[in-house]
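Kindly generate the complete structure, drawing on both the sequences and the hints.
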Amino acid sequence: MQGFSTTYLIELGHLAAFAALIVIAFMAVAPILAARLNAPALARSGVNASFVVLFLMTIGGATLMYAFIVSDFSVKYVADHSNTLLPLLYKVTALWGGHEGSLYLWAWVLALFTAILAIQGRHRFPLRLPVLLSVQAWLLLGFMGLILFLSNPFERLLPGVVEGRDLNPLLQDPGMAFHPPMLYLGYVGFSVPFAFALTALITRWETPLWIGLIRRWALFAWTVLTIGIMLGGWWAYYELGWGGYWAWDPVENASFMPWLLGTALIHSITVQENRRMLQNWNLFLAISTFALSLLGTFLVRSGVLSSVHAFAVDPGRGLYILLFLGAVLTISFGLFLARGRTDENSEAIGSLMSREMLFVLNNVLFTVLCLCVMLGTLYPLALEAVNGAKITIGAPYFNIVMVPLFLLVILLMGIGPATPWRKADVNKLAKRLAPSLVIGVASAIALMVFSTAAHWTAPVATGLVMFVLATIVFDFSRNAARRARQAKESIAKACFSMVKRNRRYYGGMIVHFGILVIAAGLTGSGLFRSELVVVMAKGDVIELAGERLRFDGTRQFKKDNYFALQGRFALLGTDKVLTPERRKYPVQEAPTTESSIDGNLWRDVYVVIGEAIDNRFSVHIYVNPLVEWIWYGGGIITFGIGWSLSQRLREKRVAVTSNKSMAGSQV
Amino acid sequence: MKLWWGIIPAMIVLFGLLGYGLTSNPKHIPSPLIGKTFPQLVGKDLTGKDITLGNTKGRPTIVNVWASWCVSCRAEHRVLVRGAKAYGSKVDLIGINYKDELPDAQRWLSNFGDPYLWSYQDLSGRAGIELGVYGVPETFFIDAQGMIVKKIAGPLTDETLREGVELITRSDVAAAKE
Amino acid sequence: MNNKFLFFILLLSMPLMVCAVDVAEDPKEREILEISKKLRCTVCQNQPISESRSKLAGDMRDVVAEQLARGKSEQQILQYFVERYGDYVLIKPPSSGNGLLVWAFPPLLLITALIFAVTVMRRRATSTPANKSAVELSEEDRERIQRARKEDKE
Numbered sequence: 002m003q004g005f006s007t008t009y010l011i012e013l014g015h016l017a018a019f020a021a022l023i024v025i026a027f028m029a030v031a032p033i034l035a036a037r038l039n040a041p042a043l044a045r046s047g048v049n050a051s052f053v054v055l056f057l058m059t060i061g062g063a064t065l066m067y068a069f070i071v072s073d074f075s076v077k078y079v080a081d082h083s084n085t086l087l088p089l090l091y092k093v094t095a096l097w098g099g100h101e102g103s104l105y106l107w108a109w110v111l112a113l114f115t116a117i118l119a120i121q122g123r124h125r126f127p128l129r130l131p132v133l134l135s136v137q138a139w140l141l142l143g144f145m146g147l148i149l150f151l152s153n154p155f156e157r158l159l160p161g162v163v164e165g166r167d168l169n170p171l172l173q174d175p176g177m178a179f180h181p182p183m184l185y186l187g188y189v190g191f192s193v194p195f196a197f198a199l200t201a202l203i204t205r206w207e208t209p210l211w212i213g214l215i216r217r218w219a220l221f222a223w224t225v226l227t228i229g230i231m232l233g234g235w236w237a238y239y240e241l242g243w244g245g246y247w248a249w250d251p252v253e254n255a256s257f258m259p260w261l262l263g264t265a266l267i268h269s270i271t272v273q274e275n276r277r278m279l280q281n282w283n284l285f286l287a288i289s290t291f292a293l294s295l296l297g298t299f300l301v302r303s304g305v306l307s308s309v310h311a312f313a314v315d316p317g318r319g320l321y322i323l324l325f326l327g328a329v330l331t332i333s334f335g336l337f338l339a340r341g342r343t344d345e346n347s348e349a350i351g352s353l354m355s356r357e358m359l360f361v362l363n364n365v366l367f368t369v370l371c372l373c374v375m376l377g378t379l380y381p382l383a384l385e386a387v388n389g390a391k392i393t394i395g396a397p398y399f400n401i402v403m404v405p406l407f408l409l410v411i412l413l414m415g416i417g418p419a420t421p422w423r424k425a426d427v428n429k430l431a432k433r434l435a436p437s438l439v440i441g442v443a444s445a446i447a448l449m450v451f452s453t454a455a456h457w458t459a460p461v462a463t464g465l466v467m468f469v470l471a472t473i474v475f476d477f478s479r480n481a482a483r484r485a486r487q488a489k490e491s492i493a494k495a496c497f498s499m500v501k502r503n504r505r506y507y508g509g510m511i512v513h514f515g516i517l518v519i520a521a522g523l524t525g526s527g528l529f530r531s532e533l534v535v536v537m538a539k540g541d542v543i544e545l546a547g548e549r550l551r552f553d554g555t556r557q558f559k560k561d562n563y564f565a566l567q568g569r570f571a572l573l574g575t576d577k578v579l580t581p582e583r584r585k586y587p588v589q590e591a592p593t594t595e596s597s598i599d600g601n602l603w604r605d606v607y608v609v610i611g612e613a614i615d616n617r618f619s620v621h622i623y624v625n626p627l628v629e630w631i632w633y634g635g636g637i638i639t640f641g642i643g644w645s646l647s648q649r650l651r652e653k654r655v656a657v658t659s660n661k662s663m664a665g666s667q668v
Numbered sequence: 002m003k004l005w006w007g008i009i010p011a012m013i014v015l016f017g018l019l020g021y022g023l024t025s026n027p028k029h030i031p032s033p034l035i036g037k038t039f040p041q042l043v044g045k046d047l048t049g050k051d052i053t054l055g056n057t058k059g060r061p062t063i064v065n066v067w068a069s070w071c072v073s074c075r076a077e078h079r080v081l082v083r084g085a086k087a088y089g090s091k092v093d094l095i096g097i098n099y100k101d102e103l104p105d106a107q108r109w110l111s112n113f114g115d116p117y118l119w120s121y122q123d124l125s126g127r128a129g130i131e132l133g134v135y136g137v138p139e140t141f142f143i144d145a146q147g148m149i150v151k152k153i154a155g156p157l158t159d160e161t162l163r164e165g166v167e168l169i170t171r172s173d174v175a176a177a178k179e
Numbered sequence: 234m235n236n237k238f239l240f241f242i243l244l245l246s247m248p249l250m251v252c253a254v255d256v257a258e259d260p261k262e263r264e265i266l267e268i269s270k271k272l273r274c275t276v277c278q279n280q281p282i283s284e285s286r287s288k289l290a291g292d293m294r295d296v297v298a299e300q301l302a303r304g305k306s307e308q309q310i311l312q313y314f315v316e317r318y319g320d321y322v323l324i325k326p327p328s329s330g331n332g333l334l335v336w337a338f339p340p341l342l343l344i345t346a347l348i349f350a351v352t353v354m355r356r357r358a359t360s361t362p363a364n365k366s367a368v369e370l371s372e373e374d375r376e377r378i379q380r381a382r383k384e385d386k387e
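Those sequence lines, one after another, are chains W, H and S. Every position in the first sequence, counted from 1, becomes a number in this note's numbering once 1 is added. Every position in the second sequence, counted from 1, becomes a number in this note's numbering once 1 is added. Every position in the third sequence, counted from 1, becomes a number in this note's numbering once 233 is added.
The set of hints was computed from the structure by calculation and includes no laboratory data. Here the structure is a predicted model, which means the values were calculated and not measured. Using N, Cα and C, we set each Cβ at its ideal position, and we do this for glycine too. Do not rely on the hints blindly, as some may be mistaken.
In silico DSS-like links for lysine-lysine, alpha-carbon gap of 30 Å or less [claimed, not checked]:
(1) W/Lys391 <-> H/Lys37
(2) W/Lys77 <-> W/Lys559
(3) W/Lys391 <-> S/Lys271
(4) H/Lys50 <-> S/Lys288
(5) H/Lys45 <-> S/Lys288
(6) W/Lys560 <-> S/Lys288
(7) W/Lys539 <-> S/Lys305
One side of the interface only, derived from the structure: several residues of chain W facing chain H at Cβ under 7 Å [as the list claims (entries may be wrong)]:
(8) Val305
(9) Pro316
(10) Leu320
(11) Leu323
(12) Gly327
(13) Ala328
(14) Phe334
(15) Gly335
(16) Leu382
(17) Ala383
(18) Gly389
(19) Lys391
What the simulated footprint calls covered on chain H by chain W, stretch by stretch (three residues with Cβ under 8 Å from a Cβ of chain W suffice, anywhere in the stretch; the number is not a length) [to be verified]:
(20) 4-12
(21) 21-27
Put into C-alpha cells, the structure is as follows:
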C-alpha cells in the first residue's frame with residue numbers, strides 16, 4: 002500500500018532527475034565557458050559534475066525501482082506496467098518494460114559511461130576531457146529533456162489505483178528481462194567512440210593519439226550489443242512460437258544496423274593502429290554507428306514503422322527525437338566534412354592486394370550490408386511518400402539480399418588474416434590458402450551429394466565455413482609449430498603459452514571461430530529445418546525428421562498471474578517430455594503460447610500446441626538442426642572478446658626525437 | 002575526401018523521409034478496389050431475408066461496415082443517422098454487419114437507431130475479405146454505375162460523409178447528362 | 234488356452250494399441266500453411282497470417298483453405314488477396330512495378346561500392362606522395378618502439 006514515505010520518495014527521485022538535468026546543462030557548456038572566461042578550473046569541473054550526475058540519476062532510478070518493488074500505483078508508469086501478482090523479478094525488470102522507463106535506463110547508462118570516461122581521462126588526456134564530457138553532456142541533455150518533459154516515468158496517478166495493469170506477458174520472461182539492458186549498454190557504449198570522434202574534430206586531436214583509447218570501448222560496446230541481439234533472438238525463438246529467431250522486423254533491424262557498422266568499426270580501428278590509415282573511415286564509422294543507435298531509438302518509439310515490438314505510438318516524442326537526431330547528425334557530419342581531412346601523417350594504400358585493402362573492402366561490405374537493411378526497412382515508407390502505394394518487405398526479401406553478402410564477408414574472413422600488410426604476393430597467398438580452399442570445395446561438394454537441400458546457399462555456406470575453419474586451424478598450427486621449435490617447448494605447451502601471451506590476436510581468432518559456429522547454426526536451422534502441422538488426439542504418434550512424438554493429453558492449471566492449458570508430448574526413444582502451453586493472463590487479457598523445446602547439440606525438437614478441435618489439438622512441430630550452435634557461438638564470441646580485452650594494458654612511452662608530441666605505444 | 006560529401010544528400014533524403022513518416026499512418030492501406038465495380042455478394046439481411054449486396058439499381062450507394070462490438074462505430078453512428086436523414090433521398094445507405102452475432106446487432110440498432118436501408122449479415126467475415134476490409138468501421142462510396150469511387154477506413158465525420166456523398170452524386174449527375 | 238487369461242492379456246495390451254497410432258500431416262494443411270506464410274496479416278505489425286493470432290488472420294487462412302478446396306492454385310489465391318488488399322498483403326515485395334527498385338538496389342549498391350573502393354584506392358596507390366611528411370619516425374625511434382613492443386610481448 003502507498004504510504005507517506007513512498008509518496009515522497011518518488012518525488013525525491015523526480016527532483017534528483019531535475020537536478021541532474023541542471024548539472025548536465027552545466028557540464029555541456031563548461032568547456033565553452035572556460036574558454037571564454039579563461040578559467041581552466043571550470044573546464045576541469047566537468048569531471049566532478051559527471052559523478053554528481055551519475056549519483057543523482059541513480060537516486061532517480063532507485064526510487065523508481067523501489068516504487069515497482071512495493072507496487073506504488075500512485076506512480077502512473079508503475080500502474081501501467083506492474084501488478085501485485087507479478088513475480089518480484091519482473092517487478093524489477095518492468096522498470097524498462099515501457100517507453101518512459103527504458104528511456105531512463107538509456108540515459109542512466111549514458112551517465113554511467115560518462116563518469117567512467119571522466120575517471121579514465123582524468124590523467125590520460127586531461128586537456129581534451131572537458132570537451133569529451135561536454136559532448137556526452139549534450140547527448141544526456143537531449144535524453145533527459147525528452148524524459149522529463151515528454152516521457153516522464155515519475156508522473157503521478159493521484160489518487161493511486163488499487164491494482165496495476167500488469168506487465169505485458171511477453172515480457173514476463175528471463176530472456177526478455179535482460180535483453181533491453183544489454184542492448185542499451187551496446188547502444189550507449191558506441192557513444193564513446195562517437196564522443197571521441199567529435200572531440201577529435203573539434204579540438205583537432207590527431208587520430209593515432211586517441212584511437213587506442215576507444216578500441217576497448219568499441220569492443221565492449223560491440224560485444225554487449227551482440228549479446229543483446231542474441232538474447233532477443235533466443236527469446237523470440239522459444240517465446241514467440243514460430244520456430245524462428247529473426248524476422249527482419251523493423252525494430253530488430255534497428256538494433257542490427259549499428260551492429261553491422263560497429264563490426265566495421267572494430268576492424269577499422271585495427272588498421273588505424275597498425276598502419277595509421279583509414280582515419281576518415283574511422284571517424285565516419287564512429288559517428289555513424291552511434292547515429293544508428295539514435296536512429297533505432299527513433300524508429301522504435303515514434304510510430305513511424307509498424308512493428309511487433311514497437312513501443313506505443315507517439316508522434317510528439319517522435320518529432321523531438323527526430324529533431325534531436327537531426328541536430329546531432331548535422332553537427333557531427335558537418336564537422337567531419339569540414340575538418341576530417343586526411344591526416345598528413347597517415348599512410349596511403351601501397352598495393353591493392355594487401356591486408357589494408359581487404360580491410361577497406363570489409364568496411365565497404367559492412368556499410369553496404371547496413372544500407373541494404375536500411376533500404377529494406379525504410380523502402381515502404383519511401384514508396385508511400387512517392388506514390389502512396391503500400392508494400393510489405395518481409396523476411397524473404399532480407400534473406401535473399403543479405404545472405405549472399407554475408408557469404409562474401411565469411412570469404413573475406415578467411416582471406417584477410419592470411420594476407421600480409423602492405424603488399425601481398427598473390428602467388429604466395431594462393432599457395433598458402435590452397436589447402437583450405439580444397440577443403441572448402443570438398444565440403445561443398447560433399448554436402449551437395451549427401452543432402453537434399455535444394456537451395457544453392459547451403460553448399461556455398463558450408464564450403465566457405467569449412468574454408469575459413471581450415472585457414473584458422475592451419476594458421477594456429479603453423480604458429481604453434483613455429484613457437485614449439487623456437488622456444489623448444491612441446492606442441493601442447495606451445496599452444497597454451499602462445500594463446501596466453503598474445504591474447505589480442507588469439508582472442509580475435511576465437512571470435513572468428515565463434516562466427517563460424519553461428520554461421521553453421523544459421524545454415525542448419527535456416528535451410529535444413531523440418532516442420533509440420535498436424536491434428537492429434539491423445540495417443541497419436543507423429544514422426545518428423547527421425548524424431549517421434551506421442552501426444553499424451555493435456556492438463557490445466559493456474560499459476561502466479563495466469564491460467565494455463567498444457568499439452569504433454571513424449572519424445573519416443575528418450576525419456577524427455579515436451580510441455581507446450583497456451584496461457585491466459587486475465588489482467589492483460591492477452592493469450593500467449595509457450596513453446597516447448599528439447600534441444601541438444603545436433604537439433605532442437607520444438608513443439609507448439611494450437612487450437613482445440615473437438616477433443617483433438619492442432620500441433621505445430623519443428624525440427625531445427627544445429628540451432629543451438631547459434632547460442633553457443635554467441636558464448637564463444639563473448640569469451641573471445643573477453644580474452645582479447647584481458648591483454649594486460651601496459652603503456653610504454655617512448656621518447657621520440659623527431660617530433661614535438663609524444664608517441665605512445667600501447668599494447 | 003570528396004566522396005564523403007555524399008553524406009549530405011543522403012541525410013537530407015533520410016530526414017525528409019522520417020519526417021514524412023511521422024505524418025503518415027502505418028496502419029492505413031490504400032484500397033485497390035477503387036475504380037472497380039462493387040462485387041455482387043449474395044446473402045441475408047438482418048431480418049433473414051435473402052438479398053444481394055452490390056445490386057445498387059442505378060442509385061449512388063454508401064456501404065458502411067459496422068459491428069456492435071466496435072467502439073469507434075458508436076461515434077460514427079450519429080453521423081450516419083444524421084446523414085441518412087439528410088441524404089437519404091439522393092443515396093442509399095446500406096450496412097455490412099461484420100463478424101457480429103445477430104441478436105447483438107439487432108439490439109445495437111434498436112438502441113442507437115438504424116440509419117441503414119438494410120444490413121448484410123457477414124458473420125464469417127468473408128464479405129469483408131471480399132471487399133478488402135481490414136478494420137471496422139470502413140465505408141465505401143459507390144456511384145450510380147456501381148463503381149467504387151472512394152473508401153474511408155476509420156470513423157466518418159459529418160464533413161467526410163458530405164464529401165463522399167458529393168463525390169458519388171456528382172458522378173450521378175454527370176452520367177445522367179450523357 | 235485359458236479364456237480369462239487371454240482376455241486379461243488383451244485388456245492389458247489395449248493401452249499399447251491405443252498409443253501406437255501413427256498420424257501424419259495432412260498435405261492440405263501443409264499447403265494452407267505454405268500459402269499462409271506468403272500473405273501478410275493486414276491488421277498486424279509485420280507478421281504473416283500463418284503466425285498471427287488475430288481474427289482477421291484466422292479468417293484469411295480459412296479463405297485460403299476454402300479456395301484450395303475449390304481447386305485454386307497458389308498463384309490464383311495470392312492474386313485474389315492482392316486484388317483486394319493490394320501488394321501490401323504479400324510478404325515478399327513484387328519484383329516489378331512498385332517493388333522493382335527495392336530488388337535492384339542491393340546488387341547495384343554492392344557493385345557500385347566495390348567499383349568505387351577499388352578505383353579510389355588504386356588512384357591513391359599510384360599517386361605516391363612526393364614528400365613523405367616530416368613527422369616520419371626516424372630509424373632510431375622505430376627501433377626503440379620495436380624493442381619496447383618486443384618487451385611487451387614477453
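Has the given pair, W/Lys539 with S/Lys305, been kept, meaning a C-alpha gap of at most 30 Å? Since the Cα atoms of W/Lys539 and S/Lys305 sit roughly 34 Å apart, the hinted pair is violated (cutoff 30 Å).
How about W/Leu382: closest beta carbon in chain H under 7 Å, or not? With a closest approach of 5 Å, the W/Leu382 hint holds.
Taking only the CA atoms, is the gap from W/Lys77 to W/Lys559 under or equal to 30 Å? Status holds; Cα separation ~28 Å.
Going by Cβ atoms only, is W/Leu323 closer than 7 Å to chain H? holds, 6 Å
Cut-off 7 Å, beta-carbon criterion: hint that W/Phe334 touches chain H: With Cβ-Cβ at 5 Å, under 7 Å, it holds.
Hinted pair, alpha-carbon criterion (30 Å max): W/Lys391, H/Lys37. Please report holds or violated. Measuring from Cα to Cα gives roughly 19 Å; hence the hint holds.
H/Lys45 and S/Lys288 were given as a pair; does the straight-line alpha-carbon distance stay at or below 30 Å? Roughly 22 Å separates the two Cα atoms, so the pair holds.
Should the interface hint for W/Gly389 be scored as holding, given a Cβ-Cβ cut-off of 7 Å against chain H? holds, 6 Å
Check, residue by residue, whether the segment 4-12 of chain H contains three or more positions whose beta-carbon lies closer than 8 Å to a beta-carbon of chain W, and give the verdict. This one holds; 5 residues, not fewer than the three required, reach chain W with a Cβ under 8 Å.
Measure nothing beyond the straight line between the CA atoms of W/Lys391 and S/Lys271; if it is 30 Å or shorter, mark the hint as holding. Holds, at roughly 16 Å.
When the nearest CB of chain H is found for W/Lys391, is that gap smaller than 7 Å? holds, 6 Å
W/Ala383 as an interface hint toward chain H, with CB separation required under 7 Å: holds, 6 Å
The structure fails hints 7, 13 and 15 (numbered hints given earlier, in ascending order).
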